[in-house]
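Undergrad: Sequence:
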Amino acid sequence: MSFSKMVQIMNPRSQINIVSNATICQDQCEATLAATLPGDTKRQLTRTGYSMGTITKALNLLNHFSPNHPEIGLTEFRKLSGQDKATVHRHLIELTSNGFLEQNPVTRGYRLGPAILRLAAVRERLFPARTIVAPLVEALASELGELVHVSLREGNHMSPLFHHDALIHGTRVYFDEAELLPLHATASGLAMLAFGPENLLPDLLKTPLPAATEHTITDHNLLRSTVEKVREAGIAFVDQGFEAHVSSFAAPLFGDQPEAIGTIAVALPTVRVTDDMRRRIKAALPRTANEVTEKLGGTVPVDLRRIWTNAA
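Numbering (full-length UniProt numbering), first residue to last: 1 to 312.
Hints were generated in silico from the structure; no laboratory data involved.
All C-beta atoms in this analysis are idealised placements derived from N, C-alpha and C, irrespective of residue type, glycine included.
There could be a bad hint or two in this list.
[To be verified] Derived Cβ-Cβ restraints for the label pairs, each shown as a range:
| hint | residue 1 | residue 2 | range |
| --- | --- | --- | --- |
| 1 | A312 | V106 | 41 to 49 Å |
| 2 | E198 | N63 | 22 to 30 Å |
| 3 | V106 | A311 | 54 to 62 Å |
| 4 | R306 | R78 | 51 to 59 Å |
| 5 | A311 | D84 | 49 to 57 Å |
| 6 | R231 | R280 | 43 to 51 Å |
| 7 | T96 | I168 | 17 to 25 Å |
| 8 | K85 | E198 | 27 to 35 Å |
| 9 | R231 | R278 | 50 to 58 Å |
| 10 | I168 | A244 | 31 to 39 Å |
[Unchecked claim] DMTMM-like mimics (lysine to aspartate or glutamate), calculated; alpha carbons at most 25 Å apart, straight line:
| hint | residue 1 | residue 2 |
| --- | --- | --- |
| 11 | K57 | E154 |
| 12 | K295 | D275 |
| 13 | K295 | E102 |
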């Protein structure tokens, strides 16, 4: 069962341990590696076939780590990546030597290294998104009494940036910031497909849409029509698309360009999605999305702002 959308019965007074792992953008890692290579070294790597594409394949190995897989061995990496053992081993050596991985001396398995944390700290210092969105996310969570999270796009997934739960209910959604959210199965993903880069939906429709639950959209035509409805409504709603008994609403966030850079979402047990709660979320979510966008230095497109205003 997925860690990020699992409803559990909890004692509100019990101790809650929340693990928040920083997500590093692959493009940033690749650019960092490329920038550290002298010109002669880059040319030598190109001649020997070790291109930037090879670096991408090496960095892709990092995406296999999760709370369920904190340590991965060479054989498992080979199976997960589909690459031959010698190639995977070479990638692991390079990642380890650059601090992106470290090897457990007892099990010989690999785990994330200190360079990941350093780059995450650098990114947050230069672009303090978590610090910026935290107060607004916490305020909305307290207003609605439900879990609220902000996510940024990472390929065909949304990567959680920050979340907060008011913790006032015994039954609530357990959220893991280390887990990626698929575009086609979550409200955050649908909002990104509707208001993100134009090529995002066409590119996704070229791939299979795996089912997370019996309610997940797996039909390409249905996904296309659903995204169009999200554009018309201004916010996305998904009922148990990623995890059974969990529903979510999401609105897009914008930078200085008229395409979404992220989303803000409300996730709650499906049994609490009453007509009154729908009205409250549909009123509060666009307002907070606009506030977060402004704090990030962006602007909500005029057409979308009009949709939100008319729906209020």
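Undergrad: The structure should be examined with respect to each hint, and the outcome stated for every one.
TA: A quick look at each hint next to the structure:
no.: 1; hint: A312 / V106: 41 to 49 Å; result: violated (59 Å)
no.: 2; hint: E198 / N63: 22 to 30 Å; result: holds (25 Å)
no.: 3; hint: V106 / A311: 54 to 62 Å; result: holds (57 Å)
no.: 4; hint: R306 / R78: 51 to 59 Å; result: holds (53 Å)
no.: 5; hint: A311 / D84: 49 to 57 Å; result: holds (54 Å)
no.: 6; hint: R231 / R280: 43 to 51 Å; result: violated (23 Å)
no.: 7; hint: T96 / I168: 17 to 25 Å; result: violated (45 Å)
no.: 8; hint: K85 / E198: 27 to 35 Å; result: violated (40 Å)
no.: 9; hint: R231 / R278: 50 to 58 Å; result: violated (19 Å)
no.: 10; hint: I168 / A244: 31 to 39 Å; result: violated (23 Å)
no.: 11; hint: K57 / E154; result: holds (16 Å)
no.: 12; hint: K295 / D275; result: violated (30 Å)
no.: 13; hint: K295 / E102; result: violated (37 Å)
Taken one by one, the earlier hints fail for this structure at numbers 1, 6, 7, 8, 9, 10, 12, 13, listed in ascending order.
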